[in-house]
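4 protein chains.
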Amino acid sequence: MKRLSETKVQKINSTHNTIIELNDVHFGEGYFTVFAGPCALESEEIVLKTARAVEHLGAKVFRCSLFKPRTSPYTYQGYGIDGVNLLQMLHSETNLLLETEVLSTDHLETLAYEADILRIGSRNMDNYELLKAVGKTNKPVILKRNMSATLEEFLLAAEYILSVGNDKVILCERGIRTFENYTRNTLDILAVPALKELTHLPVIVDPSHSTGKRSLVASASKAAMAAGADGLLIEVHPEPLRSYSDGQQSIDIQEFEKLMKDLTVLAKALDKNFSVPVLS
Amino acid sequence: MKRLSETKVQKINSTHNTIIELNDVHFGEGYFTVFAGPCALESEEIVLKTARAVEHLGAKVFRCSLFKPRTSPYTYQGYGIDGVNLLQMLHSETNLLLETEVLSTDHLETLAYEADILRIGSRNMDNYELLKAVGKTNKPVILKRNMSATLEEFLLAAEYILSVGNDKVILCERGIRTFENYTRNTLDILAVPALKELTHLPVIVDPSHSTGKRSLVASASKAAMAAGADGLLIEVHPEPLRSYSDGQQSIDIQEFEKLMKDLTVLAKALDKNFSVPVLS
Amino acid sequence: MKRLSETKVQKINSTHNTIIELNDVHFGEGYFTVFAGPCALESEEIVLKTARAVEHLGAKVFRCSLFKPRTSPYTYQGYGIDGVNLLQMLHSETNLLLETEVLSTDHLETLAYEADILRIGSRNMDNYELLKAVGKTNKPVILKRNMSATLEEFLLAAEYILSVGNDKVILCERGIRTFENYTRNTLDILAVPALKELTHLPVIVDPSHSTGKRSLVASASKAAMAAGADGLLIEVHPEPLRSYSDGQQSIDIQEFEKLMKDLTVLAKALDKNFSVPVLS
Amino acid sequence: MKRLSETKVQKINSTHNTIIELNDVHFGEGYFTVFAGPCALESEEIVLKTARAVEHLGAKVFRCSLFKPRTSPYTYQGYGIDGVNLLQMLHSETNLLLETEVLSTDHLETLAYEADILRIGSRNMDNYELLKAVGKTNKPVILKRNMSATLEEFLLAAEYILSVGNDKVILCERGIRTFENYTRNTLDILAVPALKELTHLPVIVDPSHSTGKRSLVASASKAAMAAGADGLLIEVHPEPLRSYSDGQQSIDIQEFEKLMKDLTVLAKALDKNFSVPVLS
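Residue numbers (this note's numbering), protein chains in the order written: chain A, 1 to 280; chain B, 1 to 280; chain C, 1 to 280; chain D, 1 to 280.
Don't take each hint at face value.
Identical copies look the same in the list; a pair holds intra-copy or inter-copy alike.
Unchecked claim - When the alpha-carbon atoms are kept at most 25 Å apart in a straight line, the in silico SDA-like pairs for lysine to any residue are as follows:
hint: 1; residue 1: K136; residue 2: Y76
hint: 2; residue 1: K139; residue 2: D106
hint: 3; residue 1: K136; residue 2: G80
hint: 4; residue 1: K68; residue 2: K132
FYI, nobody ran anything at the bench for these hints, they're computed from the structure.
Bound conformation, chain A alone:
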């Protein structure tokens, strides 16, 4: 039995920033990329309608959650693996990249085959066996911060993916748990520039889970861009109040359009590579 020495944080710093490129879409410093879609996949009709709308408005990646981990075993848990045909449909009907959450190694092979980007949710940030398995697929991975993880722990979780040879990790700040309960979580906005100081990896923000409130999503998104984020993972639903889950934090298509317009203006002021031709 080999005993490894107790190592301190491996600062995953380097002289240049990691830019991940996928079908001409860039993730990382200097770019601003929007991931959008419903909280969990629902009917084919709603999925396609949402996908076409967000693609038209400048999103580059579609949020396709087949599996939806829920605090209670008695609430809607998502489509399940049967929803994989929705991914195939989206690939043939749109040019969006597809990202999806991985909950266990069970369907990992299928998901890695069908999706472009895999997501580790905040509940699984400490599920090291899963991190290593996902890392080995060599697909880009969105790693969401656990709601009680320090930045050091967040970066060390990323190391579980990097250590198996996959450096295509996109870090996602999604709010931390504090005493404040006006918002669902507390968006730790300074995690963005702090992570930028500590690592070369792309950093995005989830303005939906961090606020839990539709009315705050736009402010959170603009603050994220101003703080230096490289993108957003936003929940968008054509009719938020009729969605199966998290409706109170999803914005609708009109709100998404307004937000993308505002972000385009802001991006110019901040010298970010972001624009939505159709809105200019």
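Assemble the complex: chain A is given as a structure, and chains B, C and D must be docked to it using the hints.
Here is chains B, C and D on its own, set in the frame of chain A:
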């Protein structure tokens, strides 16, 4: 696709308390049961020495962690599945029940066969796929509270195990994450009577991880008993400072002996079914 | 202008523990002393009834809050300085020591004259001007921990009192603010042995504010004694649900009697100097 | 004794926003106003140098802390009331408005006479006696959020000032206390749009105390503007590392110049009334 209605917490209350019985050892209201052992398994010699000592001093269950999830991928990760022979050895050399942590479904069958009690660590409390898989083994399960879980979320995680038909769940409070950093975590002592109000399940306390400090383990243990806990999960190591992990929070055999003596006296005052004949 | 050097925590440790003695009542290591009374003073009749009951049942100090700081300016703020005649009445009708909260320097002279012990509430732990003023009265002072203060900050606040020459400080743990909301605050039970390691001062626990729930007060009290506390500051009211404030966390006389009985038994097991003759 | 009924939060909402105007400087919705200056006042030379520099670069209010509450009684506590002559000097040498922290009612009259704006620090947010006294001066008041106050508690503290007839309150978010310790506090950026939803009062952000790190001040400032803040309270010092306190979070004149330039560009994109002629 069937859409389940959004259910509120299923109060897992009932008119009587659940008492789990295993080889004449009882877990639950009225009893006080001690689980003890090193943080992670090390050499056969140290393991056996520790096991014999804690058995002699009244522990009923031995803490046998083959796998040790670590924040950094570069620190000691435990024995791995090869350590299963240590469990067999302990079964033949002692009368202790054995408990072990399950990190993934990979070796679940083997672990469920060799160990008496399975443990879900705090990092995996939200790993619902694992909870269901462990539930299906029908073995007693120690479920540790995630360091940022509310009591409601903790009980709903237990529901993932109960919902597959396994009601042999032992809840373990192990400290929550707060701003205070004198202790490693903040022992939420009132979680004990609060859980006792809310559920019929046994509730134990981990005085080692909650304090992170050897000097506070005895106080935490006594407070846990006085607050109504049904047992303790304590890290004991013959030479804490030479242990592979968490040495600063493990107590040694002499300290364990003193603690068991103190708890015996306290148990009488509190009408708890607990005694250590050899110490009386 | 003299610039003081940046000093690190003055560990207020010493070779022996501070025992404060007042009319044959002792506060500090080895003793266990109960402070009890309503959240805020109400009618003379209720005050006297409560005082006589808790005195009979073994409390040594009566909680006499004339001023009640409230989060909202529109809720009941207490009797005010006119209630000082209640203190005089209690002195003539009982042998209880009287403690009262000081909110500002306005009535400090009067309060220091009429009460035996002054209290700084958690909201004012960082009100350094008040700490120094109260310190200068040379009266014993109960200093309650601010709900977001680390132990280091708590001890440094005590230093503001000690630094003006008054070492009769009784530290009171009353719960810290965390994400958990089943309880009003999270009782940081390990603050008790931790403070005992760090300082020679008496340490007591407020089981009422830390829980916010009547049903948990007894468990909190017993855990406090088992963890090494030197006393308790408990809210008792003859009819909690009719009290002006904090009724949901006050226990009634019967519950107080049961608790004092249980604590007497526990004190024997823990070798604490505490007994209630009338209950033995 | 009149017993007030238990009132819920008084939503201090109204149909229009409060704009405070002082010598042609505006505070409130639509404007963006910068308050800058050293953490605590030091020598006349440094004070004047800093004041002239920040005035030239577009700050409208000078941070003049005569009193500096410190966690330890043994660290530098500020100039004290003798520093009042510095305020007089600044009034004659610059056109800046002056703001200063009030710690107690002791020198309130003098401070209210010499300063333009009074500040209640986060430690005193719950010091209701002080809030009422400061309210009665009828001066504009900056109220800093306590690091463990919910938004509801923050607004109710503001009510203590409003309830005595003074509605010139400027709310200041300055970071809350959480488990994360990479930053000194966690900037609760969403408090800004949340407060804007809940109240008509101006809301500013302190990017210095919330980060505790010089390298993050600019990102925090830009995020604050993008999230909708009406201004900033920034620590600026000509030689941060030689300042008496909080040097690690103060930016120097060059960094301040760069920030004001960036904010001017950002303000245009966000339609905020803010510009620095000398930098355009």
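Hint by hint, here is what the structure shows:
1. K136 / Y76: Cα proximity of K136 and Y76: across copies only (21 Å, versus 30 Å in one copy).
2. K139 / D106: Both, since 17 Å and 22 Å are each at most 25 Å.
3. K136 / G80: Close inside one copy (22 Å) and across copies (20 Å); limit 25 Å.
4. K68 / K132: both (21 Å within a copy, 15 Å between copies)
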